[in-house]
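Engineer: In case you want the letters, here they are:
Number of protein chains: 2
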Amino acid sequence: MKEIRIGMLGCGTVGTGAARILINGAELIQSRVGAKLTLKRVADIDTETDRGIRFEPGVFINDAWRVVDDPEIDIVLEMIGGKTLAKDLMMRAIENGKHVVTANKALLASHGNEILGAATGKGVEVAYEASVGGCMPIIKTIRESLVGNRISAMTGILNGTCNYILSRITDEGVEFETALAQAQAEGFAEADPSLDVDGFDAAHKLAILNALAYGMEINLDDITIEGISSITPMDIAFARRFGYKIKLLAISKHRGDSVEARVHPTMIPFSNPLSNVGANLNAVTVTGDAVDDIMLYGYGAGMLPTASAVVGDVADIARNLLSGAAGRIPLFSYQPDRIQKIPVMPMDEIAMTYYFRFAALDRPGVLSKIAGILGDHGISIKSVQQKGRQSEAAVPIVMMTHEAREADVKAALSRISSLDIVADRPVLIRIEDENGDEEM
Amino acid sequence: MKEIRIGMLGCGTVGTGAARILINGAELIQSRVGAKLTLKRVADIDTETDRGIRFEPGVFINDAWRVVDDPEIDIVLEMIGGKTLAKDLMMRAIENGKHVVTANKALLASHGNEILGAATGKGVEVAYEASVGGCMPIIKTIRESLVGNRISAMTGILNGTCNYILSRITDEGVEFETALAQAQAEGFAEADPSLDVDGFDAAHKLAILNALAYGMEINLDDITIEGISSITPMDIAFARRFGYKIKLLAISKHRGDSVEARVHPTMIPFSNPLSNVGANLNAVTVTGDAVDDIMLYGYGAGMLPTASAVVGDVADIARNLLSGAAGRIPLFSYQPDRIQKIPVMPMDEIAMTYYFRFAALDRPGVLSKIAGILGDHGISIKSVQQKGRQSEAAVPIVMMTHEAREADVKAALSRISSLDIVADRPVLIRIEDENGDEEM
Numbered sequence: 001m002k003e004i005r006i007g008m009l010g011c012g013t014v015g016t017g018a019a020r021i022l023i024n025g026a027e028l029i030q031s032r033v034g035a036k037l038t039l040k041r042v043a044d045i046d047t048e049t050d051r052g053i054r055f056e057p058g059v060f061i062n063d064a065w066r067v068v069d070d071p072e073i074d075i076v077l078e079m080i081g082g083k084t085l086a087k088d089l090m091m092r093a094i095e096n097g098k099h100v101v102t103a104n105k106a107l108l109a110s111h112g113n114e115i116l117g118a119a120t121g122k123g124v125e126v127a128y129e130a131s132v133g134g135c136m137p138i139i140k141t142i143r144e145s146l147v148g149n150r151i152s153a154m155t156g157i158l159n160g161t162c163n164y165i166l167s168r169i170t171d172e173g174v175e176f177e178t179a180l181a182q183a184q185a186e187g188f189a190e191a192d193p194s195l196d197v198d199g200f201d202a203a204h205k206l207a208i209l210n211a212l213a214y215g216m217e218i219n220l221d222d223i224t225i226e227g228i229s230s231i232t233p234m235d236i237a238f239a240r241r242f243g244y245k246i247k248l249l250a251i252s253k254h255r256g257d258s259v260e261a262r263v264h265p266t267m268i269p270f271s272n273p274l275s276n277v278g279a280n281l282n283a284v285t286v287t288g289d290a291v292d293d294i295m296l297y298g299y300g301a302g303m304l305p306t307a308s309a310v311v312g313d314v315a316d317i318a319r320n321l322l323s324g325a326a327g328r329i330p331l332f333s334y335q336p337d338r339i340q341k342i343p344v345m346p347m348d349e350i351a352m353t354y355y356f357r358f359a360a361l362d363r364p365g366v367l368s369k370i371a372g373i374l375g376d377h378g379i380s381i382k383s384v385q386q387k388g389r390q391s392e393a394a395v396p397i398v399m400m401t402h403e404a405r406e407a408d409v410k411a412a413l414s415r416i417s418s419l420d421i422v423a424d425r426p427v428l429i430r431i432e433d434e435n436g437d438e439e440m
Numbered sequence: 001m002k003e004i005r006i007g008m009l010g011c012g013t014v015g016t017g018a019a020r021i022l023i024n025g026a027e028l029i030q031s032r033v034g035a036k037l038t039l040k041r042v043a044d045i046d047t048e049t050d051r052g053i054r055f056e057p058g059v060f061i062n063d064a065w066r067v068v069d070d071p072e073i074d075i076v077l078e079m080i081g082g083k084t085l086a087k088d089l090m091m092r093a094i095e096n097g098k099h100v101v102t103a104n105k106a107l108l109a110s111h112g113n114e115i116l117g118a119a120t121g122k123g124v125e126v127a128y129e130a131s132v133g134g135c136m137p138i139i140k141t142i143r144e145s146l147v148g149n150r151i152s153a154m155t156g157i158l159n160g161t162c163n164y165i166l167s168r169i170t171d172e173g174v175e176f177e178t179a180l181a182q183a184q185a186e187g188f189a190e191a192d193p194s195l196d197v198d199g200f201d202a203a204h205k206l207a208i209l210n211a212l213a214y215g216m217e218i219n220l221d222d223i224t225i226e227g228i229s230s231i232t233p234m235d236i237a238f239a240r241r242f243g244y245k246i247k248l249l250a251i252s253k254h255r256g257d258s259v260e261a262r263v264h265p266t267m268i269p270f271s272n273p274l275s276n277v278g279a280n281l282n283a284v285t286v287t288g289d290a291v292d293d294i295m296l297y298g299y300g301a302g303m304l305p306t307a308s309a310v311v312g313d314v315a316d317i318a319r320n321l322l323s324g325a326a327g328r329i330p331l332f333s334y335q336p337d338r339i340q341k342i343p344v345m346p347m348d349e350i351a352m353t354y355y356f357r358f359a360a361l362d363r364p365g366v367l368s369k370i371a372g373i374l375g376d377h378g379i380s381i382k383s384v385q386q387k388g389r390q391s392e393a394a395v396p397i398v399m400m401t402h403e404a405r406e407a408d409v410k411a412a413l414s415r416i417s418s419l420d421i422v423a424d425r426p427v428l429i430r431i432e433d434e435n436g437d438e439e440m
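Taken in sequence, the protein lines are chains G and E. Heads up: the first sequence begins at 1 in the working numbering, then just goes up one per residue. Heads up: the second sequence begins at 1 in the working numbering, then just goes up one per residue.
For reference, chain G alone in the conformation it holds in the complex:
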């Protein structure tokens, strides 16, 4: 029986999960892969805390460099995260001819092109299924199953924390801060939740998927990113009345010479299967010319779901090693010489439909003033509703538009928000896959 030796960097949540599966599932994995996968070294700065794993003596060490420099190790699992030490260790492992498995989307989204170059140069694999969508095999599906498809769009709920928070606001009518605190109490959100709730994590993942699907160089910087912290129970309630839910979506569309790529709170109709994805679950829909729409759905984070993807990658590499086929699939799906720089379309040029909410004083002529400004900018209103009557305080005026250009929308909202009769900043939520039937 052949043996494949694995070294792991970092034994936090995902690392612990991967170690548990590799050790407790060793017999099962062996019966599928046909080789013994041995966890030879695990490095973490903390080797004291009990992980509930029985490591063999000498396996659990402090020095990560000993793992990447160990000549007996075939595959290195980078489970540290971040873009500094993790990157240095990963590059050294590649330099040493080791194959790498990682869940580090931030690193890949920021330095993916460089890592691709290094790995291709050394003929080693860098596998990263766990970096997008946790246990969902979205990377494998795009790289392998959809080879015959021209992929035209991807739409994903790619951040479980945001989805949990929006689900709480939707189901319980609580404010964002309350829902965030609940997410933190449940262990879904970090102490500093900004990477999640401000949309960066979802954008990292979208940058990776875009590269795979469209054959483009990784481009994180040009993705438009908007988080969920300004979403209120009031807007969610209005959305429901129009037949929509609000989700943080990562959206990309191939537009010939450029791609749309954006992460923002989005209204989607109840009929869209993504609208039913609750709790901290993830889902992603890929649109291809042969498959039409295909959707994957599952836990996008958490110890064992993420570790399941890590172990799937380990098995893939092990099977390649056993067949002498390392590098049988290009790192980013396309042959390296076929990867292009495809520009991301400026957000201002994108046209879609919108939901607006204005807090306006209840005076005659208010609606006509707002509608007039929208009209000046070529934005036509599909439906409008003014809620309640108040002689003193502002009342909400809610609108859905026909298709309009983002630049025009921004210009119009900027003028409207400077009106005396409008209190607060207008709320704008973009609509995707509109259901064509939004009359209230």
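Don't read these hints as lab results, they were simulated from the structure.
Listed next, the in silico DSS-like pairs over lysine-lysine satisfying Cα-Cα at most 27 Å (straight line):
1. K2/G / K122/E
2. K2/G / K341/E
3. K2/E / K122/G
4. K36/G / K122/E
5. K341/E / K36/G
6. K2/G / K36/G
7. K36/E / K341/G
8. K341/G / K2/E
9. K36/E / K122/G
10. K87/E / K122/E
Given the coordinates of chain G, work out where chain E should sit on it, guided by the hints.
Structural biologist: Same frame as chain G, but now just chain E:
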């Protein structure tokens, strides 16, 4: 640039789709796979009808044996279907050392063990992603992504025709025969729809998934199969009132030394994502100890979705050939020497909850008589409702049970149906994933 030569047997719906993708998408596929995939020969008894494809001269021929015997062909696509000629041609192709791609679930479910043996003996691949779930990469997900998971259950909507028919009955209240005629008019159902509506097609697919997930020999004969032809709008309406939809589900559960394996109309609660799978779509949920539940969703049939899976398999094999790695993954996921005969649990021993509908005369004591018989057999009633009052005709009495054994249920229903006060045969629909809140 290397070239991989493909021969195709049968140019019907799926074959035509595969040829279109391979020819029209040649450049795209090449940029991903790194080799030219050439469709060298296509055989069909009808080479006259226009498929909308521009074959090179000499490619489209009548003689299928010339394809499997052509020494230049690397991969054979078996797109004929059926278990006779398709099998002979496939076995000859394997014998000639060619790799095979097929969508033929009936053949695999009936002769998969034999095909596995032949392919393993010759060191060739037989790929069959398109045989289950059309474009959904369920085979790849189980064989590759879930390697670290002990899979405990699978639940799938695996027949698009049945799902279309049940969706029509649900949405429009039409009878089964009307919905079937609509499915046939839309091209979803064959002239002889029995393979679909009687549940056999879904059972073929389940037999394949069971082998992959549990490491068992293919076993079609012991799967309990019940079709949808007795489902009525009335039962669907009652189901809705209890919070359930009725779907034809393929269900399997690993029970240690045996597996449950059954295909039948099933009530699932609205909260189960499978309940939202409409039209002729397919979806399958896999439960594993690391991933919890993971779901794939997409078109399970149709020219291009199915062909997309075929081309994905072709790309997989091509990548193996380019790396000299043919056979890098065992045909049925487990190493051949680790595949076991795992018995299918007799249906009579399975316990679950049930929906019953009795057509009973509206006389005093009827309910007590029915309930008494159920009690005699150890079946306890969770809720009951009698609809309307009629002095002459029978009225429906509807019940949901607590967990009961199938053998007891059958015995009780047999006694109840022989009562004078009960007209018609009682209706029994099994419940899965009960929502615990079925009071009407």
